[in-house]
Every structure is written in structure tokens, then in C-alpha cells.
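The opening position of the sequence shown corresponds to residue 0 in numbering that gives the first Met the number 0, with each subsequent residue numbered one higher.
Rather than coming from a laboratory, the hints here were simulated on the basis of the structure. Quick reminder that beta carbons are idealized off the backbone N, C-alpha and C, glycines included. Keep in mind that the hints are not guaranteed to be accurate.
Unchecked claim - Restraint ranges, calculated between C-beta atoms of paired labels, are given here:
no., residue 1, residue 2, range
1, 301, 15, 34 to 42 Å
2, 582, 370, 52 to 60 Å
3, 94, 74, 49 to 57 Å
4, 393, 564, 34 to 42 Å
5, 245, 547, 52 to 60 Å
6, 263, 97, 52 to 60 Å
7, 542, 496, 42 to 50 Å
8, 16, 444, 44 to 52 Å
Unchecked claim - Pairs of lysine-lysine residues, derived as BS3-like cross-links and limited to a Cα-Cα distance of at most 27 Å, are as follows:
no., residue 1, residue 2
9, 214, 164
10, 39, 20
11, 361, 173
12, 173, 160
13, 173, 366
14, 592, 545
15, 566, 214
16, 546, 592
17, 370, 173
18, 21, 39
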Amino acid sequence: MSYIASARRRRPQEFFLPNGKKIIASLPEDLESLREEHGKRNDVQVEVVIHGSPEHCDYLRETRDHHENRRAHFRQRHGPAFDEWEDMQSQLDIVNGHLERLSTNTSALSANFDKFGYGAELRTYDDDDPSPAADPSNMSTSDTLSVGSGGGQPRLGETIKLFKKPVVKQWFHKGLLWRASENTEIMAIELFFDLLYVGIIHVNGEHVWAEPTGKELLRFAITFIMSWKIWSDITLILSWFETDDVFTRLEILFEIACLLGFSTNMTYAFYPGEHNTYTMLVSFYVAARFRGVFHFLYTGYLLPMVRGVMFCQALNIIVPAALWIASIHVEMPSRLGLIWVAIILDMCGQSILTGIYQYGRKAAHDKRIVKYLSGIFEFFPAVNIEHRVERTNAFVSLVFGYSVMGPMFQSHGGYTVDVFLGKAVLGLCQAFVFNWIYFDVDGSNINIHAIRRSVISSSVWHYAHLPFIMGYILASAGLSKLVWVADTPDANPEHLTEHYIERSDPEMADGIRYFYSQGLAVALFFMGVISVTHDHRHPATRRLSKKTRLANRLLVCLILFLLPLAKSLNSLNLISITLALSVWVLLLELFGKSCRNDPFIGEKQGCSVRYRCKCSKKDLENANLNEKEQIPSTEVLELGPREKTAVPDVQE
């Protein structure tokens with residue numbers, strides 16, 4: 000009913016008394032409005048009472064007694080025929096309930112659909128409380144697959160087990176995605192790991208500005224991708240399986256320790272001579288990856304339904320790991336060939352496996368290979384969309400925060416507002432603008448999220464975050480050095496403490512100039528790619544289309560990429576220009592996404608939404624003919640060669 004203010008409020012209950020009088024039981028705050036609404040009716044007598052009041056209870060008891068007497072009368076009159084009819088009706092209600100659950104078991108995902116878009120293939124396995132009389136045979140799939148509990152039933156207490164059978168949170172089965180109805184929240188251990196990873200980013204980025212050369216850029220790219228893969232592995236495990244036992248937590252701790260050991264060997268991984276740490280770097284990386292092999296193998300052994308997927312996941316790790324081990328025994332520059340092949344296999348292995356699964360699901364089933372793949376990948380673990388998005392958002396927030404911490408310094412010699420502080424504030428504004436664009440421009444007003452939109456858009460969304468974050472971290476490392484450069488007339492290094500005086504240079508190195516500007520260009524470009532993967536809502540009266548706004552962003556990326564060629568720019572000018580370009584992108588996005596009929600100041604009127612569908616002219620005309628008497632007819636207009644819009648006349 001329209002007067003229900005919230006989905007959690009109790010709906011008014013309606014029933015009829017034996018004399019035909021209609022009773023409506025409502026909450027006290029709705030009592031007067033309902034009485035006013037139904038008091039004017041002449042077709043039926045209506046009485047509105049408060050839910051749970053003595054009048055409500057008396058009317059219910061009166062109605063119950065009346066219908067029980069009717070049932071006793073029919074049983075006495077018809078005998079066994081009535082009992083047979085009642086049993087049939089009971090069984091029919093049970094079957095109809097099961098059918099209704101199959102068709103409406105996405106009802107608990109309304110908030111998820113509102114945020115990430117509707118998914119017709121999505122189902123939940125815990126929308127309704129299990130019946131106490133449920134047939135145990137119906138639970139065989141859940142027992143074999145070891146599905147996650149919905150969390151809807153409160154527990155009075157629980158024990159953290161040392162080890163328990165792995166539990167799959169969500170999975171694909173015959174084209175449907177089965178998952179729990181509640182949203183998955185980020186766990187404390189994930190935030191702990193993210194903070195550690197940001198510290199590793201700081202170490203990696205700090206060495207970039209110390210030696211701004213092409214060789215250092217190569218080292219940064221390789222080590223960052225390797226550490227990113229370890230981070231992705233832990234994210235995947237936490238999204239696929241429940242991790243509430245001690246053994247799994249210790250697994251994650253082991254991988255985090257390996258990542259820490261990996262980070263201590265990044266700086267001199269490609270340093271020639273006896274100080275080279277490449278062997279230790281690869282050793283820690285392979286150890287962290289083989290933790291995944293161990294996890295997938297014993298999970299496949301314990302869960303037969305996902306055994307094929309788990310063994311393929313283990314194979315995805317073993318093959319590139321062999322290349323990493325082989326690269327230890329090859330000298331530079333031949334080593335780079337094995338490194339980049341191993342990186343490609345590491346990064347694309349999951350996509351290859353997903354592609355094989357998609358082929359087995361969509362190809363003709365009369366082929367032997369397709370039947371084999373369908374058997375192996377009948378159940379395929381799936382990523383929880385809200386967990387993956389919130390996890391990525393949390394990590395991106397930490398990256399933006401790192402970019403603010405990098406340029407910080409300590410002043411020496413009293414209160415001074417100098418050029419160093421000015422450049423640091425400009426860098427802060429830069430991070431604020433990028434954070435605004437990523438979360439509140441590209442990440443808002445989404446109709447269908449990239450992960451839910453298609454397999455291709457999901458893969459592009461996932462892979463685009465790597466160069467986006469790499470480019471931004473590279474720019475942040477350059478910004479840290481630019482803040483301390485004393486290449487402007489008012490810059491006095493004596494205003495800095497001794498620690499930062501040692502880091503301050505009189506001139507800006509060319510490498511820093513390129514790292515900063517082109518890093519921002521790469522980050523902004525792939526932010527646009529991430530935006531393209533989403534299907535955003537399109538208000539009918541928006542000022543600028545999404546393509547126009549992305550074209551502007553692409554032009555700004557080109558300017559940022561070529562900006563280092565202007566050698567006459569000092570550090571302050573460079574930071575100011577890049578900030579101005581970023582602000583221009585933000586302002587155009589805010590202006591373009593707004594509606595022409597929605598003022599920037601005052602009460603917000605809201606935007607209308609345009610829905611598009613594919614329909615031939617003939618079908619539309621036939622629909623008009625069939626429903627001409629029921630609804631207003633629509634005049635179908637055919638656009639001319641140069642016409643872009645047409646306004647049809649609606650005839651009453």
C-alpha cells in the first residue's frame with residue numbers, strides 16, 4: 000500500500016468478519032489517515048483498529064471460531080472426501096511455496112540491486128528460514144558443496160575452531176549465481192593487510208624518486224605487479240571462502256609474512272654484483288604463491304563439487320612459478336623474457352580459467368570436450384560483488400592517503416608559509432580531486448556495475464585498477480620530490496629541517512618531471528577506462544553525454560602526458576598546471592552529469608531517467624493496434640537523414 004513509509008514497518012492487516020465487515024489493523028501513527036481514507040466508502044463497512052489491541056484480538060478470535068465451525072460442518076457433511084481435499088490443498092500450498100521461492104529468491108537483494116544493478120541470473124540460498132520439517136535429502140548439495148550460512152539465524156555463542164571444512168560463500172551453477180542474501184563486510188584482517196601493503200608501496204615509491212631512471216621504473220613495475228598479485232590472491236581467497244577458523248587465519252598470516260620478506264628485497268633486486276637480492280625476492284614470492292597451491296589442493300580434496308576448479312587454480316600457480324624459479328638461473332637482460340611471460344601468466348591465469356568455463360557453459364553440448372568441461376566446472380566459485388568493490392575502494396582510499404603523506408615535511412626556524420607548504424597544499428588538493436572523481440563521479444549513479452554487467456567489463460574493471468594505481472603511485476613519488484625542490488625564487492631550503500635539506504635539490508630532475516606528469520596521465524586515463532566499464536544512469540535532460548565527458552578527459556590525459564616537454568616549467572608551475580587540469584576535469588564532469596532543469600543552488604528537483612529498448616517499427620505499430628482501446632496511441636515518427644530527435648504526438 001502507498002502509505003507504507005518503510006519496508007521494515009508492519010503492513011496493515013486486512014480480514015473480513017463473518018457478517019462481511021472489513022477489519023484493518025494498523026500501527027497507531029497510521030490510524031487517523033486510514034480511518035479518514037476508508038470512512039468515505041459506501042460499498043463495504045470498514046473498521047480500522049490498532050494492531051494488537053483488544054478489539055483486534057477479539058475480531059481475530061471471532062473469525063477463527065467461525066471458520067473452524069465451518070470446517071467441522073464440511074467434515075461431517077462430506078466425510079473422507081473432505082479429508083482428502085484438505086490434504087491435497089496442504090500439499091499444493093507446499094509446492095506453490097517452493098515454486099514461489101524459486102521465482103522470488105532475489106527479494107532480499109533489493110539494496111544490492113540498487114547499488115550494483117539488477118542481475119537476472121542471481122539467486123540466494125537463504126531468503127527463507129529453513130523449515131523444521133525439511134527433507135534431509137534436499138540438503139545433499141549444500142552438504143557436499145559446504146555452502147556458507149546465511150547469517151539470518153542468530154547464534155547464542157560460537158567457538159572458533161582450529162580447522163573446519165572450507166565453506167564456499169557463492170558459486171555459479173548452470174548459469175545462475177547462488178549467494179547469501181546478506182552483504183559481506185570487510186574484515187579487520189583485510190584492513191590490517193591493506194595497511195601493511197600501503198607501507199610496502201611507500202618503500203617502493205620512495206626509492207623511485209631517489210633514482211628517477213628508466214631502470215628504476217622497470218624495477219618498480221615488476222616488483223609492484225608481483226606484490227599486487229599477492230594482494231589479489233588473498234582478496235580472492237577471502238571472497239571465495241569463509242575464513243573463521245584458526246588454520247585459515249594462519250595461512251593468511253604466512254602469506255602476509257612472505258609479502259613482508261618480499262618487500263625487504265625489492266630495492267636491490269636488479270642491482271648488479273654481490274648485493275643483488277633477486278633470488279630472495281623470487282623465493283618469498285613463490286612461497287606466498289605456493290600457499291595458494293596448498294589451499295586449493297586440500298579444498299579440492301574436501302569439496303568434490305569444486306574439485307576441478309581448485310585443481311585448475313593450483314595449476315595456474317605452478318606453471319608461472321616454474322618460470323620464476325628458472326629466471327633465477329638466467330642473467331640479465333635475458334631474465335626479463337622469463338619475468339614478463341611469468342607475469343602475464345600470473346595476471347591472466349584467472350581470466351583464462353574463466354574463459355574456459357564460459358566456453359563450456361555456452362558451447363554446443365554435443366561435443367565431448369564441452370561435456371568434459373561442464374562436468375569439471377559445474378560449480379564455479381564466484382566473487383562477492385559488494386566485498387570486492389568495498390575492498391577495492393578501501394585500498395584506493397589508502398593509496399590516495401599515501402599520496403598526501405608523501406610530500407609532508409618539517410619546517411625549521413619559526414612560523415613560515417613558504418613555497419614548500421604551498422606545493423604540499425596543491426598536492427593535497429590534487430589527491431582530493433582524484434578521490435572525488437573516482438568515488439563520487441565515476442563510482443556514483445551506476446545502473447549496472449562492471450562486475451555484474453558482463454565477463455568482459457568485469458575483467459577490464461579488474462585489470463584497469465593495476466595501471467591506474469601504479470600510475471598514481473608513480474606520480475605521488477614524483478610529487479614527494481617536487482615539494483622539496485628549491486627551484487623557485489622564494490624557495491629557501493633553510494626553512495626545512497636537516498633531514499629534508501639533504502633531500503632538497505636546486506633543480507628538478509627530468510625523470511621526476513616525467514614520473515609525475517605521465518603518472519597522472521596514466522592514472523586519469525585508466526580511471527576513464529574504469530568509468531567506461533560501468534553502465535551509468537542517463538538522465539534525459541543531462542547537460543553533457545558520457546562520451547563527451549570522457550573525450551575531454553582523454554584530451555587532458557594527452558596534455559598531461561606531453562607536459563614534461565615544457566622544460567621551462569619549475570616545480571610550482573608544474574604542480575599548479577596539473578592541478579588546474581584535474582580541477583577542469585572535475586568541474587566538467589559535475590556540470591555534464593547535472594540536469595538542465597535542476598538548479599545548482601536551492602532545492603533539488605531531481606532528474607528523469609531515460610529507458611531504451613530495441614523494438615521494430617512494425618512491432619510497435621501492431622502493439623498500438625492491439626491496445627488502441629485501452630491506452631493512448633503513439634504516433635511513430637521516422638527520423639530523416641539529418642534529424643537527431645523527434646517528438647511524437649500522443650493522442651487521447
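Here is how each hint holds up against the structure:
Judged by the Cβ atoms, the range 34 to 42 Å given for residue 301 and residue 15 is violated: they are separated by roughly 56 Å. For the pair residue 582 and residue 370, the beta carbons lie near 58 Å from each other, so the given range of 52 to 60 Å is met. The beta-carbon spacing between residue 94 and residue 74, approximately 24 Å, falls outside the hinted interval of 49 to 57 Å. At roughly 37 Å, the beta carbons of residue 393 and residue 564 sit within the given window of 34 to 42 Å.
For residue 245 and residue 547, the Cβ-Cβ distance of about 55 Å falls inside the hinted range of 52 to 60 Å, so the restraint holds. Here the CB-CB span from residue 263 to residue 97 is close to 58 Å, well matched to the stated 52 to 60 Å. As the Cβ distance of residue 542 to residue 496 is approximately 49 Å, the hint placing it in 42 to 50 Å holds. Checked against the given bound of 44 to 52 Å, the beta carbons of residue 16 and residue 444, roughly 50 Å apart, stay inside it.
Taking the CA atoms of residue 214 and residue 164, the gap is about 47 Å. The hint is violated against a cut of 27 Å. About 15 Å separates the Cα atoms of residue 39 and residue 20, which keeps this hinted pair within 27 Å; it holds. About 10 Å separates the Cα atoms of residue 361 and residue 173, which keeps this hinted pair within 27 Å; it holds. The straight-line distance between the Cα atoms of residue 173 and residue 160 is roughly 33 Å, outside the 27 Å bound, and the hint therefore fails.
Straight-line distance between C-alpha atoms of residue 173 and residue 366 comes to about 17 Å, which keeps the hinted pair within the 27 Å bound. Using a Cα cut-off of 27 Å, the hinted pair residue 592 and residue 545 holds, with the two alpha carbons roughly 8 Å apart. Proximity of residue 566 to residue 214 is assessed by CA-CA distance (about 22 Å); at most 27 Å being required, the pair is judged to hold. A threshold of 27 Å between alpha carbons decides the hint, and for residue 546 with residue 592 the separation of about 11 Å falls inside it, so the pair holds.
Distance restraint check for residue 370 and residue 173: the Cα-Cα separation of roughly 13 Å lies within the 27 Å cut-off, and the hinted pair is therefore satisfied. Distance check on the hinted pair: residue 21 and residue 39 sit about 14 Å apart at the alpha-carbon level, within 27 Å; holds.
When held up to the earlier numbered hints, the structure conflicts with 1, 3, 9, 12 and fits the remainder.
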